[in-house]
Amino acid sequence: MTDRINKQRHNSVVPLKDHADLGDTDDRPDPVAILTDQNEHRVAELVPIRHGRMRVTPFTFFRGAAAIMASDLARTPSTDLQVQLCGDAHLSNFGLFNGPDRRLVFDVNDFDETTPGPFEWDLKRLAASVVIAARNNELTNKEARTATRASVRRYRETMARAAGLSPLELHYLRLEVDALTATMSEKRRKRSAATAAKATRKDSLRALDKLTAVVDGQRRIVERPPLITRHDDVIRSEREQLKGFLASYLSTLEPHRAAVLRQYRFVDIAHKVVGVGSVGTRCLIVLLESEHGAPLFLQFKEATRSVLEPYLGDSGFDQAGERVVRGQQLMQSAGDILLGWSRYQRDDGSEADFYFRQLWDGKGSAEVDQMGPKRLKAYAGACGSALALAHARTGDAGAISTYLGDDDTADRVFTQFAERSADLNESDYAAHEAAIESGRVISVEGL
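Quick note on numbering: the working numbering labels position 234 of the sequence shown as 234, and the sequence is numbered without any gaps.
It cannot be assumed that every hint is accurate.
Straight-line alpha carbon distances no greater than 27 Å define the calculated DSSO-like cross-link-like pairs of lysine-lysine that follow [as the list claims (entries may be wrong)]: (1) 363 to 210; (2) 374 to 142; (3) 363 to 272; (4) 142 to 17; (5) 363 to 374; (6) 272 to 243; (7) 210 to 272.
Taking CB as the label site, the calculated pair distances span [as the list claims (entries may be wrong)]: (8) 438 to 243: 44 to 50 Å; (9) 166 to 349: 18 to 24 Å; (10) 251 to 209: 31 to 37 Å; (11) 235 to 310: 31 to 37 Å; (12) 26 to 372: 32 to 38 Å; (13) 251 to 40: 29 to 35 Å; (14) 345 to 310: 23 to 29 Å.
By construction, these hints were calculated from the structure, which means they are not laboratory data.
Note that the coordinates shown come from a computational prediction; the quantities given were computed from them, not determined experimentally.
Backbone N, C-alpha and C fix where the C-beta goes; we use that ideal spot for every residue, glycine too.
With the hints as extra help, turn the sequences into a complete structure.
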């Protein structure tokens, strides 16, 4: 993955102003067809939930429409300034989590679509999400533009700072919550402290209380169909496959981390619906327990081909789960120590790739749909900084910084793109709504 990036570290010939261009949108692929094509390999009974979550607002639609935007980005001018892309860098895919040293960190936190590509693809998706969120929150056009420019400006300024650091300094640099809140007003600092405190409480003990109950003297994950479901018959019939699946996962961990995990025993497992765009892909939660009863929840999430790969080329990994894990390790400043991957092979010969992580480990997210102009501007700026640091770890920070310049030209250009992309998203949202009304797409709301 890094070899692909390193081979292309040189300046682009795409003029900066050309990034405002969305390309020819008259002959775009049908956006609804792009979404329904994705459903082919998903759990059929969960697909209507995906569409129900997407139809809530244009912003929730955008969250689930990474494949649509990937198609659009492929039709726009692209630089050859390569980085490891998040692939879905919208506002809700940034958040809080505990670093290995238990300090709360703010960073990119979703890597399902990660693959190498032009740095601006992530930046454009982030900027577009700011405009869409601002409109969703009924902010003025001026307020939306200010917040969007802030996200690009902070990306540009942070990239310039990263260009002056050594690779090792950059590796250790991270956005800690304490540092982020130090310069805030008292009101914003209190709000951020409450969010951080909520994230800190979100751990395996909290998950144990919320997701399980004692049944016949044993801890069991409680069903909440269709969002949490048990498949005990499958677990019994495929016990040997599960053992091999978990053993393969352990082999992807560093030995000292695998040794920690081996001190836990299996207790229970269930399917759990998560997210918006991910709904319909297979996701399981497993409860483990130490000798002294300390709980640990892991999540196994299905990994498929990145929505960017049809346009940027194959990621080079045999297993999609490894693609996700390796991308996350390259981009994040302080990742989950239990990240790993495995391939599940069923009796019928079919296969599915998964990546593994801790379910709740100090995870916290911002309520983007409740942000006013000041909060959105500040949050968008923080996301821009986090994205720049993630890109700088695998790309040429100096070349990207030089390309973006030291004035506000890039801020204005990428904001123009974002506004046009937001218009297109509204059109796609309307098309999705029409498809639901006509019966072409089945939707279940409220789940």
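Hint-by-hint comparison with the structure:
| no. | hint | result |
| --- | --- | --- |
| 1 | 363 to 210 | 15 Å, holds |
| 2 | 374 to 142 | 12 Å, holds |
| 3 | 363 to 272 | 17 Å, holds |
| 4 | 142 to 17 | 21 Å, holds |
| 5 | 363 to 374 | 24 Å, holds |
| 6 | 272 to 243 | 20 Å, holds |
| 7 | 210 to 272 | 13 Å, holds |
| 8 | 438 to 243: 44 to 50 Å | 47 Å, holds |
| 9 | 166 to 349: 18 to 24 Å | 49 Å, violated |
| 10 | 251 to 209: 31 to 37 Å | 32 Å, holds |
| 11 | 235 to 310: 31 to 37 Å | 35 Å, holds |
| 12 | 26 to 372: 32 to 38 Å | 37 Å, holds |
| 13 | 251 to 40: 29 to 35 Å | 31 Å, holds |
| 14 | 345 to 310: 23 to 29 Å | 26 Å, holds |
Of the hints listed earlier, the one the structure fails to meet is number 9.
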